[in-house]
Amino acid sequence: MTAELVTFVHASVALATPIALAATGETISESAGVLNLGLEGTMLVGAFAAVLGVMATGSPAAGLAVAVASGAAFAGLLALLVLAFRADQVIAGTALNLAAAGLTAVVWRAVQLRSEFGATGGEMRRAAFSEIDVPFLSDIPVVGPALFHHHPIALLTIAAIPLAWIFLFRSAAGLRLRAVGESPEAAAAFGISVARTRLAAILASGAFGGAAGACLSIADASTFIEGMSSGRGFVAIALVIFGGYRPLGAGAAALLFGAALALQYRLQASGSGLPPELFRSLPYALSLVVLAGFAGRRRAPAALGRRT
Amino acid sequence: MKRALAGWAGAAARAAAAFGIACAAGACLLAATGADVGLAASSMLEGAFGDLDAAAETLTRATPLLLAGLAVALAFRAGALNIGAEGQILAGAAAGVAVGLRLGASPPIVAIPATLAAGCAGGAAAAGIAAALRRWRRVPEVLSTILLNFVLLEVVSWLVRGPLQEAGRAYPQSDPIAAAAMLPRLLPPSRLHAGFLVALAAAAAMTIFLFRTAAGFRVRAVGLGPRASALAGFRPERVVALALVASGALAGLAGSVEVAGLTGRLYGDLSGGTGYVAIAVALLARLHPLGAIAAAIGFGALESGAAHMQRVAGVSAALAHAIEALALAAVLAADHLAQRRVPVQEEPAAAVAGAATP
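Respectively, the protein sequence lines represent chains C and R. The numbering of the first sequence is the working numbering, which starts it at 1 and goes up by one. The numbering of the second sequence is the working numbering, which starts it at 1001 and goes up by one.
Simulated from the structure, these hints should not be mistaken for laboratory data. Just so you know, these numbers come straight off a predicted model, no measurement behind them. Just so you know, even glycine gets a beta-carbon here, dropped at the ideal spot from N, CA and C. Hints may contain errors.
[Claimed, not checked] Computed list of chain C residues with no C-beta within reach of chain R, every gap over 12 Å: (1) 69; (2) 77; (3) 99; (4) 185.
[To be verified] Covered stretches of chain C (in silico footprint by chain R; criterion: 3 or more residues with CB under 8 Å from a CB of chain R, positions within the stretch not fixed): (5) 123–135; (6) 292–303.
[As the list claims (entries may be wrong)] Derived Cβ-Cβ restraints for the label pairs, each shown as a range: (7) 306/C to 1005/R: 48 to 54 Å; (8) 163/C to 1227/R: 25 to 31 Å; (9) 266/C to 1263/R: 45 to 51 Å; (10) 57/C to 1269/R: 31 to 37 Å; (11) 1227/R to 1/C: 55 to 61 Å; (12) 196/C to 1006/R: 33 to 39 Å; (13) 196/C to 1032/R: 50 to 56 Å; (14) 1314/R to 133/C: 52 to 58 Å; (15) 278/C to 1102/R: 22 to 28 Å; (16) 1136/R to 263/C: 38 to 44 Å; (17) 278/C to 1136/R: 22 to 28 Å.
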């Protein structure tokens, strides 16, 4: 029984990781008043860049670093459109998602055609992240194997969520960031640079999105697949609302989602006879249900989505 | 009038420039990946305009882009951010097939309108979910429409493996709809079908609706200033909900036209991103139905050309999507730069909203 529970929680955490990372990043940008709808595309770019990084260096840590940097750079395009060119946030984000799908597909195809640049599938699998133990913590009974025996990105996520909360709600910089999201005019009058704060928030959300993408391609899998983010960035944006625009809330929401996904895989494996499409649509349908229940009850940052 | 005309000319010029810049950027990308840029460009042009067949293929591909682009433009005009055209196209295609399969005994004059109308109903129902969630549960339609895209993709995938799968059960696709429900081909042997005329008629009808009817004025007024239009007694939430549903109907029509004009069957990747590209079509057209014709043909040429390029030059046809996205980004930037250069600019949104401030 305990072993089963440990397996279940472990699977929930693993499945929650990419969504939790993306939702944490989105919480930061939305707290500054920027809806980063390009998160989905940023994840795709991160997934792609991580694989290129691993191919080039053979090191998953380098792949993760490349993904984080690429995610931030890609989100920089959103900052350019939204902050410098004062474009609508939703439209700019949509342009980014479309661009990410097209660009990664074109370059991935080109990479595959050039044989001198490319690790074989086996090499990629060996180079991908594998699960590790956190010293001491993983020895705790039940909690240890469930929470502290994961691939490094999941472990970093478990650490990053409380850190993001401390940053947003217990630091001066976080207070300034939230002030920009609530009332840019008041923040500007207080001497805070709205544009610079939003730029930082967007880049941070991009870095998180890139890491979330890396989780998909070099931790959960060991290759890039066109469109492999498959809507998880959008699910993460829905969970930001569910989580009440707070990192801990977003993390908890993602964990709940991870648990639902883990349960679904278990049902699927047990041969329920239900169509697989029903299970595959679960994250999106569940997001809709959660939004229907909570969207009206959560107070968004007052300046969210407004043009600068 | 003269000034409005100059404004339109400027907007069209910026859209064309954005398209050109995006194409140039696409060429740079290809050069960076080591592809033969010259071969790619020439094969793309050949596939888009090389001969009558290629030009007809361009219009064939422009057809769903135009209908879905109109759908997006209508919703955006009302201030409703419908990002769900992709799912609504699929819903329309599924409904069109469900009805079209059962029309073997009907003459075309009944079967074709019934199939297309079913598509409208399917798309409207899909968008109606988002409209209801916004109206009664305050769910932002941006998110609900996107999430519905993924749900509807799975629904169609289930339909073509289950209730609507072909009798032979060999492939995940439906049986072909009744021959009487198929739209006639315009220019055989090309694939161009009468759906293109349907799309042109829809663009004309939407132009009249938006700019010559009271209901169209309400849609535009609500989009420009919901508070002001509420003071004028327009009930903005209702207008937004209706516009969303009508937008879904247009996207659904795109789906059923694609079935009745081209595929005859339902299958999983029937839409293939058309609903997302439609957003770029609508915005490059400045949400104007007649502009959407030009933008849809431009993107249709790109996609027809890219398909040919993939066969000839071995470059992924997804390049078309990358160029479309870059064109959208470039036009956003160009609009901002143009706005900064011209000091006196008509700002209808600000003017109307300002009137609402007590």
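Can you list which hints this structure breaks, lowest number first?
Hint check: 2, 3, 5, 7, 8, 9, 13, 14 and 16 fail, others pass.
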